[in-house]
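Student: Single-letter residue listing:
Protein chains: 2
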Amino acid sequence: MRWSEGFIPTLKEEPAEAEIISHKLMIRAGLIRKLTAGAYSYLPLGFRVLNKIESIIREEMDAKGAQEVLLPALQPSELWKESGRYEDLGEDMVKFIDRHKKEMVMGPTHEEVITGLVHGEVKSYRQLPLILYQIQTKFRDEMRPRFGVIRSREFIMKDAYSFDRDAKGLEASYKKMYDAYCRIFSRCGLSYIIVEADPGVMGGDVSHEFMVLSKSGEDLLAHCKKCGYAASLDKAQCVEKSELEEKELKSLKEVDTPDITTIDKVSKLLNVRPDKMVKTLIYEADGNPIAILVRGDHDINEAKLKRVLNVSHIKLAEPEMIEVVTKAPVGFAGPCGLKGIEMIVDSSLKGLKNFVTGANKRDKHLINVNFDRDFKAEKFADIRYITEDDRCPKCKGDIKIEHAIEVGHVFKLGIKYSQTLSATFLDEDGKEKPFIMGCYGIGVNRIAAALIEQSHDADGIIWHPAIAPYEVVILPLNTEHKPSVDAAEKIYNELTSAGIETILDDRNERAGVKFKDADLIGFPVQVVIGEKRLANGEVEVKDRKTKQVKVVKVTEAAYAVKGLLDVLRK
Amino acid sequence: MRWSEGFIPTLKEEPAEAEIISHKLMIRAGLIRKLTAGAYSYLPLGFRVLNKIESIIREEMDAKGAQEVLLPALQPSELWKESGRYEDLGEDMVKFIDRHKKEMVMGPTHEEVITGLVHGEVKSYRQLPLILYQIQTKFRDEMRPRFGVIRSREFIMKDAYSFDRDAKGLEASYKKMYDAYCRIFSRCGLSYIIVEADPGVMGGDVSHEFMVLSKSGEDLLAHCKKCGYAASLDKAQCVEKSELEEKELKSLKEVDTPDITTIDKVSKLLNVRPDKMVKTLIYEADGNPIAILVRGDHDINEAKLKRVLNVSHIKLAEPEMIEVVTKAPVGFAGPCGLKGIEMIVDSSLKGLKNFVTGANKRDKHLINVNFDRDFKAEKFADIRYITEDDRCPKCKGDIKIEHAIEVGHVFKLGIKYSQTLSATFLDEDGKEKPFIMGCYGIGVNRIAAALIEQSHDADGIIWHPAIAPYEVVILPLNTEHKPSVDAAEKIYNELTSAGIETILDDRNERAGVKFKDADLIGFPVQVVIGEKRLANGEVEVKDRKTKQVKVVKVTEAAYAVKGLLDVLRK
Numbered sequence: 084m085r086w087s088e089g090f091i092p093t094l095k096e097e098p099a100e101a102e103i104i105s106h107k108l109m110i111r112a113g114l115i116r117k118l119t120a121g122a123y124s125y126l127p128l129g130f131r132v133l134n135k136i137e138s139i140i141r142e143e144m145d146a147k148g149a150q151e152v153l154l155p156a157l158q159p160s161e162l163w164k165e166s167g168r169y170e171d172l173g174e175d176m177v178k179f180i181d182r183h184k185k186e187m188v189m190g191p192t193h194e195e196v197i198t199g200l201v202h203g204e205v206k207s208y209r210q211l212p213l214i215l216y217q218i219q220t221k222f223r224d225e226m227r228p229r230f231g232v233i234r235s236r237e238f239i240m241k242d243a244y245s246f247d248r249d250a251k252g253l254e255a256s257y258k259k260m261y262d263a264y265c266r267i268f269s270r271c272g273l274s275y276i277i278v279e280a281d282p283g284v285m286g287g288d289v290s291h292e293f294m295v296l297s298k299s300g301e302d303l304l305a306h307c308k309k310c311g312y313a314a315s316l317d318k319a320q321c322v323e324k325s326e327l328e329e330k331e332l333k334s335l336k337e338v339d340t341p342d343i344t345t346i347d348k349v350s351k352l353l354n355v356r357p358d359k360m361v362k363t364l365i366y367e368a369d370g371n372p373i374a375i376l377v378r379g380d381h382d383i384n385e386a387k388l389k390r391v392l393n394v395s396h397i398k399l400a401e402p403e404m405i406e407v408v409t410k411a412p413v414g415f416a417g418p419c420g421l422k423g424i425e426m427i428v429d430s431s432l433k434g435l436k437n438f439v440t441g442a443n444k445r446d447k448h449l450i451n452v453n454f455d456r457d458f459k460a461e462k463f464a465d466i467r468y469i470t471e472d473d474r475c476p477k478c479k480g481d482i483k484i485e486h487a488i489e490v491g492h493v494f495k496l497g498i499k500y501s502q503t504l505s506a507t508f509l510d511e512d513g514k515e516k517p518f519i520m521g522c523y524g525i526g527v528n529r530i531a532a533a534l535i536e537q538s539h540d541a542d543g544i545i546w547h548p549a550i551a552p553y554e555v556v557i558l559p560l561n562t563e564h565k566p567s568v569d570a571a572e573k574i575y576n577e578l579t580s581a582g583i584e585t586i587l588d589d590r591n592e593r594a595g596v597k598f599k600d601a602d603l604i605g606f607p608v609q610v611v612i613g614e615k616r617l618a619n620g621e622v623e624v625k626d627r628k629t630k631q632v633k634v635v636k637v638t639e640a641a642y643a644v645k646g647l648l649d650v651l652r653k
Numbered sequence: 084m085r086w087s088e089g090f091i092p093t094l095k096e097e098p099a100e101a102e103i104i105s106h107k108l109m110i111r112a113g114l115i116r117k118l119t120a121g122a123y124s125y126l127p128l129g130f131r132v133l134n135k136i137e138s139i140i141r142e143e144m145d146a147k148g149a150q151e152v153l154l155p156a157l158q159p160s161e162l163w164k165e166s167g168r169y170e171d172l173g174e175d176m177v178k179f180i181d182r183h184k185k186e187m188v189m190g191p192t193h194e195e196v197i198t199g200l201v202h203g204e205v206k207s208y209r210q211l212p213l214i215l216y217q218i219q220t221k222f223r224d225e226m227r228p229r230f231g232v233i234r235s236r237e238f239i240m241k242d243a244y245s246f247d248r249d250a251k252g253l254e255a256s257y258k259k260m261y262d263a264y265c266r267i268f269s270r271c272g273l274s275y276i277i278v279e280a281d282p283g284v285m286g287g288d289v290s291h292e293f294m295v296l297s298k299s300g301e302d303l304l305a306h307c308k309k310c311g312y313a314a315s316l317d318k319a320q321c322v323e324k325s326e327l328e329e330k331e332l333k334s335l336k337e338v339d340t341p342d343i344t345t346i347d348k349v350s351k352l353l354n355v356r357p358d359k360m361v362k363t364l365i366y367e368a369d370g371n372p373i374a375i376l377v378r379g380d381h382d383i384n385e386a387k388l389k390r391v392l393n394v395s396h397i398k399l400a401e402p403e404m405i406e407v408v409t410k411a412p413v414g415f416a417g418p419c420g421l422k423g424i425e426m427i428v429d430s431s432l433k434g435l436k437n438f439v440t441g442a443n444k445r446d447k448h449l450i451n452v453n454f455d456r457d458f459k460a461e462k463f464a465d466i467r468y469i470t471e472d473d474r475c476p477k478c479k480g481d482i483k484i485e486h487a488i489e490v491g492h493v494f495k496l497g498i499k500y501s502q503t504l505s506a507t508f509l510d511e512d513g514k515e516k517p518f519i520m521g522c523y524g525i526g527v528n529r530i531a532a533a534l535i536e537q538s539h540d541a542d543g544i545i546w547h548p549a550i551a552p553y554e555v556v557i558l559p560l561n562t563e564h565k566p567s568v569d570a571a572e573k574i575y576n577e578l579t580s581a582g583i584e585t586i587l588d589d590r591n592e593r594a595g596v597k598f599k600d601a602d603l604i605g606f607p608v609q610v611v612i613g614e615k616r617l618a619n620g621e622v623e624v625k626d627r628k629t630k631q632v633k634v635v636k637v638t639e640a641a642y643a644v645k646g647l648l649d650v651l652r653k
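Those sequence lines, one after another, are chains A and B.
As numbered in the working numbering, residues 84 to 653 make up the first sequence, in order.
As numbered in the working numbering, residues 84 to 653 make up the second sequence, in order.
Derived by calculation from the structure, the hints in this document are not laboratory data.
No copy is singled out in the list; a pair is fine if it fits within one copy or between any two copies.
When the alpha-carbon atoms are kept at most 25 angstroms apart in a straight line, the in silico DSS-like pairs for lysine-lysine are as follows:
| # | residue 1 | residue 2 |
| --- | --- | --- |
| 1 | Lys185 | Lys221 |
| 2 | Lys206 | Lys597 |
| 3 | Lys573 | Lys147 |
| 4 | Lys184 | Lys221 |
| 5 | Lys422 | Lys462 |
| 6 | Lys95 | Lys630 |
| 7 | Lys221 | Lys117 |
| 8 | Lys117 | Lys185 |
| 9 | Lys164 | Lys117 |
| 10 | Lys483 | Lys324 |
| 11 | Lys95 | Lys206 |
| 12 | Lys597 | Lys615 |
| 13 | Lys444 | Lys422 |
| 14 | Lys206 | Lys117 |
| 15 | Lys599 | Lys206 |
| 16 | Lys184 | Lys117 |
Predicted model only: the values in this text are computed from it and were never measured.
Full structure from sequences and hints, please.
Tutor: Structural data, given as structure tokens:
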């Protein structure tokens, strides 16, 4: 490729619209342009990156025996009503009424469609196992599209679905996909962490997320550097310490807390540490009120709570419900005297003594509250978020909480969809059984952005050769100097013939402009052709990342480039 | 690929939903399944065909220096209002209101987006010419989706856009794309006709369609087998014969035609041939009434009429308007006495004498009407559809009208979009000029269907090797006969190692089932391994199309397959 013929609009200035580094660099390097909120055009260099990521994904999926299909984006909304996810996804789904007055959905994911498809064609256990995948554009009407292609309304997803006879089969399919994901992300040059995760709206029991650590990541994960334990914040298990400070029960006392409704304020007024206070929150779980108790310095983890309660929908109750349940205004709820309502207590409260709670009365709190004496707690469970004060649930090591970008997610769905959609096959024993399913997603566009988050410097992007738009850029610094042009053409032809993707910066621009653009876009290897060195028959082969330069003869340049690429490809 | 591991659900029965042969075969061969009206899932074999077509398109586009991009499907509807096509496309566009109450469009095509994109980045003539393309999913809310993937609501299009400084540049870009299209369709194994076409809603002056003749085609084209002239019916030029039967003008006479309002009925009642009658139709052109005269046996060509009138919208006038203009009920319009209304007369009427027209009075027609004496006709133009009675406009040869499927369309847009959307660049002379644009589309899914329409027999599809799901199928007829299995495995390994895409039918099925499926799916070459021949160390290499069989030694099978493929690939 000759740069002068390319459509590579680089920008000197930082785009005002971009918040995070990958977004800024993707725009500045001429990879993408925004059309409208959450919808980006991929320019030629950006498209090349996407295309390479897709090829790697295809190779690894095919290697595991997964078969590629292509499912429609257009889906009848009935299908989503049937699976029960029409409500779950709600406003996140792009919906429209077609000209025949039928409501359609632009697919945000394809569990419903693939389950229906396989159900229609696979009748016998003999046709199993089956793994189908597609690389396809998804649509989600995000509340707040942001971070460029990381959270957009239109994005490319590799979604795979496995169908098995039994749990053992699912285990094998899951492992295949898990292994393929490891290879895909490694080949793309990403350094990633695999975390235990909450399946969320996808359902199922077990899931793992493939996370790329990045300060700009929207997700949080907890991990232990000692033993390698890692989990999403929704999932990370809290183990409680057994040491307790107090032994004696003090007398229960009601205290005045006029208009003081937050932990912070109560803590200050009563001079009690938040970890000696207990928050009582009234939730609505599938329509019913429920009281939740956590320590004042802890946060409720709704994903855990949903699992513990085994309900589909939970939310903080509306003030009306809270007032009916506690017989007090919002802000003064407590466990003592609560009647006719289930109560779940976070495990960290087990054994805590003499704590502060609301009094279920306007402007009143209770101090020296104790279990059993003052109220009965029957159900303890891990329903809070882990903190950096917690210990690793595996090895008791230090827990670190970090931001990350989710690039892949694998789920053991089990029978969630096959049961709801009555998708069964005839097993060897002559019985109809629901398919045991798994689903496996990769955010294709995100891989590009995540790599940039991980691999850049002040000058621009540093691509891994596997997904770089071109592996090598040749920079003849003076295109009016014929020997420079000749040397550039010679090396360009040699590299291109050797199958190395090379771009020749043949623009009649100043050397400074060429260097800046080459660094900004981040081709892994640069071949710099200056008049001075060329007088000695020499050029520079430069590693974009380390900026280390090797001076070589023109005749040896292609060989040196290949050598450097071999190192960088690892 | 081993058949037993594949997801290849073939059907014995003809699917009730399918109207045309390609649709039936694509379903029966397990290439596609319908999800909902106009939206199909591509199963693994169908996806392989699509993927191969896309690869051929990419190679040929890249060879012409076109650069691949990827533009969003999600587009703000404002963009379409700005270009003026929001109304033109109307209900054909998929539109929705997003959660922020903004109206969005799912792109049915991308002229608006690409013009905006290039306008934002290309400032100087130095950055031209530029050809950008994408292979991307389009959405159109078709009134009546039909014929399987030929007219669907979701389809893959390769759309390219060229940007040039001047007409000469456009000419060069247009030629590049035209040539690339010829190569693409030839490589896919299609036999096609290139026709002059009407640009329609895309706008511009010149366009060519790439058509595949097929009885199931929705389009009609006129072509001359003598000189090769070919044009879409909307465009095909009519040249009028000069011989005229009558010379003398007879006296004008009003005759009774009670409730007789159609050409057919009037013809019977008055015993006059339709070609001696003149239809007068009142049209509404951009809101104004206009009278159109064509011969009784001809049909008005609205595409031609629009070009002649140079208006955006035309339609037959409503009865109210017709009654105001003609002062008579619908069915009795005629040219005599019409006042205050423009009149366009089809060229075929030039010199016609003593014809029949409506009288602009209820239940009355006029006979022996003549130009000049009875009414003034000032504007003659070619505004009718060509018929098989016409002569070729180029060589006067016979014209044949046939059904065809449009697989590609190239347009010289000129400044239609760049002017409306104010997309300009700075030319060498320092002046702002609008880009001179072209656009170029290929229906990717349609290529598969069109090939099947052209290439099938009673047993199924006959693929060209270039886009076959697999080039070769190996059929060990008895999978419990070890020597058959061993021979099959040996040939399979040899072919696969040689890079030939091969599927091994390792299913434990009857020979009849295997033959039927192989013929139905239509792999170009079959290797049949039967016990009898194998006893002599022989297998059969069979051409799916001709059904010709060559008996070869097992050791020579791979070589024979390669030889046959070389022939078929041509």
